[in-house]
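Q: If you want the building blocks of each chain, they are given just below.
Protein chains: 2
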Amino acid sequence: MSAASQARRLRGPGELEIVAFERGHFTSFSACGIPYWVGGDVPERDRLIARSPEEHRARGIDLRMRTEVVEIDVEGARVRARDVESGAESWTAYDKLVIATGARPVRPDLPGVDSPGVHGVQTLDDGQALLDTLEATQGRRAVVVGAGYIGVEMAEALINRGYEVTVVNRGKEPMSTLDPDMGRLVHKAMAGMGITMVDDAEVTGFRTGDDGRVRAVATEDAEYPADVVVLGIGVRPETTLAEAAGLPLGERGGLLTDLAMRVRGQDDIWAGGDCVEVLDLVSGRERHIPLGTHANKHGQIIGANVGGGYATFPGVVGTAVSKVCDLEIARTGLREKDADRAGLQYVTVTIESTSRAGYYPGAAPMTVKMLAERRTGRLLGVQIVGREGAGKRVDIAAVALTAGLTVEQMTTLDLGYAPPFSPVWDPILVAARKAVAAVRSADS
Amino acid sequence: MSAASQARRLRGPGELEIVAFERGHFTSFSACGIPYWVGGDVPERDRLIARSPEEHRARGIDLRMRTEVVEIDVEGARVRARDVESGAESWTAYDKLVIATGARPVRPDLPGVDSPGVHGVQTLDDGQALLDTLEATQGRRAVVVGAGYIGVEMAEALINRGYEVTVVNRGKEPMSTLDPDMGRLVHKAMAGMGITMVDDAEVTGFRTGDDGRVRAVATEDAEYPADVVVLGIGVRPETTLAEAAGLPLGERGGLLTDLAMRVRGQDDIWAGGDCVEVLDLVSGRERHIPLGTHANKHGQIIGANVGGGYATFPGVVGTAVSKVCDLEIARTGLREKDADRAGLQYVTVTIESTSRAGYYPGAAPMTVKMLAERRTGRLLGVQIVGREGAGKRVDIAAVALTAGLTVEQMTTLDLGYAPPFSPVWDPILVAARKAVAAVRSADS
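So the sequence lines, in the order shown, correspond to chains A and B.
Residue numbering for the first sequence follows our numbering, starting at 1 and increasing by one per position.
Residue numbering for the second sequence follows our numbering, starting at 1 and increasing by one per position.
I should point out that these hints are in silico values taken from the structure, not numbers from a laboratory.
Incorrect hints may have been included.
[Stated by the list, open to error] Sample of chain A residues at the chain B side, in silico, Cβ under 10 Å:
id	residue
1	E22
2	G33
3	P314
4	A397
5	R433
[Unchecked claim] Simulated DEER-style distance windows between Cβ atoms:
id	chain 1	residue 1	chain 2	residue 2	range
6	B	N160	A	G284	37 to 45 Å
7	A	A442	B	K188	50 to 58 Å
8	B	T376	A	R104	56 to 64 Å
9	A	K188	B	V70	33 to 41 Å
10	A	P314	B	T350	22 to 30 Å
Using N, Cα and C, we set each Cβ at its ideal position, and we do this for glycine too.
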């Protein structure tokens with residue numbers, strides 16, 4: 001809908017007819033907000049909806065809700081759509097096609113995964129179903145499967161709802177988007193909040209009671225009693241249609257586009273959002289990063305191009321930020337294993353600092369890990385685990401990565417300083433200074 | 001002391017003798033922290049002291065406290081120092097000299113300025129004197145003269161102490177480091193906190209009572225009753241010694257150095273901190289920016305160079321951040337008048353956004369003003385006025401300025417996004433998008 005809206009801004013209804021198909025019940029909602037709605041921070045579902053179908057239609061977009069596209073006929077330049085309720089199908093021709101099919105949550109094919117009480121949290125309907133379960137359930141034991149962003153955010157949500165929370169995670173540490181040493185800090189902090197953290201554990205099934213409802217999550221070694229289970233295992237690009245149409249997919253199953261977000265090899269088909277792979281500007285490789293902020297940018301760019309303008313999406317540096325209660329977790333750029341895979345040699349440094357001047361009230365500890373390339377000293381990545389004021393500091397590194405700065409250049413960055421905001425050396429500068437020394441000694 | 005410490009790290013006492021002269025009672029203290037000590041956020045003075053004279057001496061620095069250098073003999077490569085207590089003088093020869101004389105507060109030559117109850121806040125002694133006055137004073141009316149960083153921070157401190165605060169300010173709006181339209185927002189917010197804001201008012205003198213203590217601050221138009229007065233008018237480089245020694249000063253009275261912080265035209269003299277002018281990387285001109293974070297960097301760089309290493313200070317982009325209660329104020333780069341003075345043509349845009357996703361609790365409004373160069377679209381400056389979470393966002397712009405990014409490049413920056421941290425489009429991105437449109441329409 002972002003692409004449709006942007007195209008409409010550039011071309012009025014007399015110049016460009018826009019038809020949009022949506023198989024679900026909602027448009028333009030914030031999936032990222034679902035954990036906060038479930039947790040009670042957001043009081044009602046409709047707060048997460050940026051624009052209703054009626055609002056889109058009022059702007060001259062022919063939006064067909066509960067209508068699923070089931071085939072793309074590239075050669076014939078048309079799509080076949082099915083009315084979800086009636087099953088009726090029809091073909092619609094296009095001059096230009098935008099594919100924004102998003103991602104689908106990973107749902108492991110395990111015994112009991114479809115039992116009542118086991119919930120995903122991708123759509124607003126998922127969120128409502130989970131809230132209904134929470135309301136109907138007497139017990140207070142919740143198990144979250146997965147310890148990535150969705151997993152840790154759902155752990156917070158369930159704590160806020162008064163649950164005893166267990167997080168069961170396949171990785172050695174939670175937050176596999178961090179290096180394990182930084183993930184360890186997240187483990188400790190979450191355990192310190194009273195969350196039971198089970199790492200290195202493969203779920204083998206979901207035990208159910210006589211009523212068919214979920215009662216426990218089983219791993220190879222143990223069973224974790226559960227009155228409710230939330231799956232936060234991640235998502236994959238939803239590219240079934242695109243694949244069937246013969247469109248090019250990358251290693252992670254996402255559509256491949258050029259810099260204008262046009263599907264490679266196609267003149268009239270664009271793709272964006274969670275169904276595409278994007279260029280990682282640091283490693284030079286494609287990645288799949290399902291994030292609303294990228295999807296929104298893609299929509300703007302596609303809409304500009306479809307509307308006769310010009311815009312490109314240069315790529316990402318892999319920035320992400322999350323929180324669990326007062327714990328803030330952020331990363332950008334490459335982890336050690338990403339750098340290894342990209343053929344880069346690097347140094348790593350880790351420093352402890354505080355969010356504010358040490359003498360200022362509320363100065364909270366923060367750990368910053370920094371990766372820099374050997375010899376060149378180019379910044380490769382930053383990971384932060386801390387408390388209030390830690391997370392958004394990653395933006396400093398995100399811009400530095402985009403600009404290709406070295407850690408030496410970073411040591412003199414003119415960052416905002418006052419005691420309530422930062423120590424006299426911002427934690428990012430402290431890390432950069434240490435990284436300079438590490439780069440130097442690595443080649444001496 | 002930062003320079004001395006860094007040089008000592010590189011060269012032991014057997015290799016390099018380090019003598020340091022300090023006329024005051026303290027070393028290595030955070031002047032920026034004084035408002036928070038006065039306001040009660042920092043419970044005791046010694047929290048502001050990073051390192052005592054004894055600690056410096058333990059590291060092999062011959063630190064001579066209460067000893068004022070009164071002459072630099074450049075040709076003879078020696079300094080004349082006076083013991084403040086005894087008045088005894090002696091010459092000390094140097095191979096290398098570092099000038100770090102700091103800045104002196106502007107103290108207007110007005111009737112009554114030296115009366116008891118009128119306070120500056122530059123040194124720890126100043127802070128203690130002010131606290132003593134606050135303790136001894138029954139009345140609860142405070143007048144702050146000046147509405148720059150020190151002025152607004154002292155307004156907060158005095159509010160925290162329970163005073164009725166009036167801020168008298170010569171400019172049309174407070175915070176002249178912002179454009180007046182953004183300063184207006186600060187005026188409104190401070191007035192909304194119950195602070196009496198008097199703009200466009202030249203102080204003509206300080207009225208005293210029969211006991212000689214200050215009773216009111218007089219301007220051309222009015223008198224403002226005061227039980228205590230704080231001067232926050234700004235500072236000037238303390239370069240009397242340097243000027244007498246014939247060293248080169250800039251338009252603002254600060255020492256001029258090369259990129260290694262060596263005084264121009266001198267082989268063996270360095271200078272840093274509040275007594276130097278620094279290169280503004282955006283305008284290409286020298287500026288005087290008295291800020292602890294720059295002074296600390298200068299010290300590191302000078303210490304490295306004096307210690308036989310190599311480091312440079314490329315310049316600043318003019319980042320500053322401050323707060324008054326929950327109001328956050330930040331700026332980086334050029335104001336409109338700076339850009340005019342630099343011969344740059346530019347567009348400006350101002351946007352309203354929020355610190356977090358609009359549906360997330362605590363999402364606070366934020367105004368961002370952005371300047372971009374005509375035609376090139378290069379970012380020239382950003383100003384932010386908002387609440388919690390607003391101030392440090394200026395760092396994104398500070399790095400972008402350092403890297404010379406255009407506002408178009410900024411629209412695709414990969415900044416940290418999650419509902420508790422940012423709207424799906426960070427306010428800086430919203431401003432950048434609007435600036436792109438403004439740049440385009442300015443030349444169409």
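Q: Now look at each hint and say whether the structure bears it out.
A: Tested hints:
1. E22: Hint on E22(A): violated, closest Cβ of chain B at ~19 Å, above 10 Å.
2. G33: holds, 5 Å
3. P314: holds, 6 Å
4. A397: Holds. Min distance 9 Å.
5. R433: Holds: closest Cβ of chain B sits about 8 Å from R433(A), inside 10 Å.
6. N160(B) to G284(A): 37 to 45 Å: Since N160(B) and G284(A) have Cβ atoms about 52 Å apart, the given range 37 to 45 Å is violated.
7. A442(A) to K188(B): 50 to 58 Å: The hint (50 to 58 Å, Cβ to Cβ) holds, given that A442(A) and K188(B) are roughly 53 Å apart.
8. T376(B) to R104(A): 56 to 64 Å: violated, 43 Å
9. K188(A) to V70(B): 33 to 41 Å: violated, 56 Å
10. P314(A) to T350(B): 22 to 30 Å: For P314(A) and T350(B) the Cβ distance comes to about 26 Å; the hint holds.
When held up to the earlier numbered hints, the structure conflicts with 1, 6, 8, 9 and fits the remainder.
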